[in-house]
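Trainee: Sequence:
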Amino acid sequence: MSDFRFQALEFLRRLLRALDPVLLLVLLTLMGYALVIMGSASPDRMDSQLMHGAIALAAMWAIAAVPSQRLLGLALPLYVLGTVLLVAVELFGEVSKGAQRWLDIGITRIQPSELMKIAMPLMLAWFFQQREGHVSWREFVVAGLMLVVPVGLILIQPDLGTSLLVAAAGFYVIFFAGLSWKLIVPVALIGIVGIGSIIAFGDTICQPEVDWKVLREYQKHRVCTLLDPTQDPLGKGFHIIQSTIAIGSGGVTGKGWQNGTQTHLSFLPERHTDFIFAVLSEEFGLVGTIVLLATYLMLLVRGFHIALQAHTLGTRLLAGAITMIFFTYAFVNMGMVSGILPVVGVPLPFVSYGGTALVTLCLGVGILMSIQRSRLAKQT
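Here the sequence shown is numbered in our numbering, starting from 5 and rising by one per residue.
Derived by calculation from the structure, the hints in this document are not laboratory data. Treat the hints loosely; a few may be bogus.
Derived CB-CB ranges, DEER-like [stated by the list, open to error]:
{"no.": "1", "residue 1": "M302", "residue 2": "N263", "range": "34 to 42 angstroms"}
{"no.": "2", "residue 1": "S184", "residue 2": "A298", "range": "31 to 39 angstroms"}
{"no.": "3", "residue 1": "S201", "residue 2": "I160", "range": "19 to 27 angstroms"}
{"no.": "4", "residue 1": "F242", "residue 2": "A58", "range": "51 to 59 angstroms"}
{"no.": "5", "residue 1": "N263", "residue 2": "L297", "range": "29 to 37 angstroms"}
{"no.": "6", "residue 1": "G182", "residue 2": "L380", "range": "24 to 32 angstroms"}
{"no.": "7", "residue 1": "L29", "residue 2": "S184", "range": "34 to 42 angstroms"}
Just so you know, these numbers come straight off a predicted model, no measurement behind them. From the three backbone atoms N, C-alpha and C, an ideal C-beta is built for every residue, glycine too.
Taking the hints into account, I'd like the entire structure generated from these sequences.
Mentor: Below you can see the structure in the form of structure tokens.
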């Protein structure tokens, strides 16, 4: 019995050695929070969410146990595989709800764009590490081209939300690699002017006969709905109107668990996925929102701490980019649910219902743990 107990303890010790305790605590807090909210928003999906969580945690542990340099060594094959699969989606993919995003591989359907959320920052971090000390404008041009190809393939599916996330993941690596502010500021100014023009001339350019050329019709409707959701309160503006009502009605302490009227009277659509933040705000109020934000802040602080202490350029770039991806998920989701950003179908990280996004995000946490573990191993 004592031998069995010793072996069990030794196995547990080796299992936990790959895991960063701070990241693990933050992750379990977010996933526990998710289960509480899911118990109100959609109790019948609790079992599925528990299964998704178990798979995601197993995937996180598996990645955390792999040395960070070996992960970077997988960058090129993963990037090539992801790009080939995206081309296959364009040629042979299945169409669902007007979008061609899925690929049937016989035993199941896969969404290759999810792979690129991890493969893209991995590839660019590996690329810049290979050229450490010799980075010039040419490297940034090549990195930009490597980013544009998969983002373009995802955008034409169409999948604006995922394309933005993949683009952001790649941009963060390029930015941390030393992209000059002289290139960033003009693009930012053009964006500000463009957004200002849309706001100023929204009544004119949102007319049905106006073709925006660069955006599809449904994307135009999302932007125009953001500018004035009351133009179609029972149609395209319904999501934003109901979610902002739910958020505002929660007050300071909320209406209480399972007492949200917008949620339980079925006014709030997609309440278990993209709009779960509105459920949280209605039932737990400002206090619950602050707790969630504080937990995300702990995740970001720990992620940046790991990035700053990483022992190679590639791992520093990768850890910084992944941490910023977590921020992007949270910012975009809460922004669109609050009515300050267009609805683009981005889940609330670690909280929204769904398996694919949860596994992808937990793989990101696993990469951070791998980087931290490799740094500690280097010191001993």
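Trainee: Does each hint fit the structure? Answer for all of them.
Mentor: Hints and how they fare:
1. M302 - N263: 34 to 42 angstroms: 28 angstroms, violated
2. S184 - A298: 31 to 39 angstroms: 35 angstroms, holds
3. S201 - I160: 19 to 27 angstroms: Given range 19 to 27 angstroms: holds, Cβ gap about 25 angstroms.
4. F242 - A58: 51 to 59 angstroms: 35 angstroms, violated
5. N263 - L297: 29 to 37 angstroms: For L297 against N263, whose Cβ atoms are near 22 angstroms apart, the range 29 to 37 angstroms is violated.
6. G182 - L380: 24 to 32 angstroms: 27 angstroms, holds
7. L29 - S184: 34 to 42 angstroms: Between L29 and S184, where Cβ atoms are some 38 angstroms apart, the hint holds.
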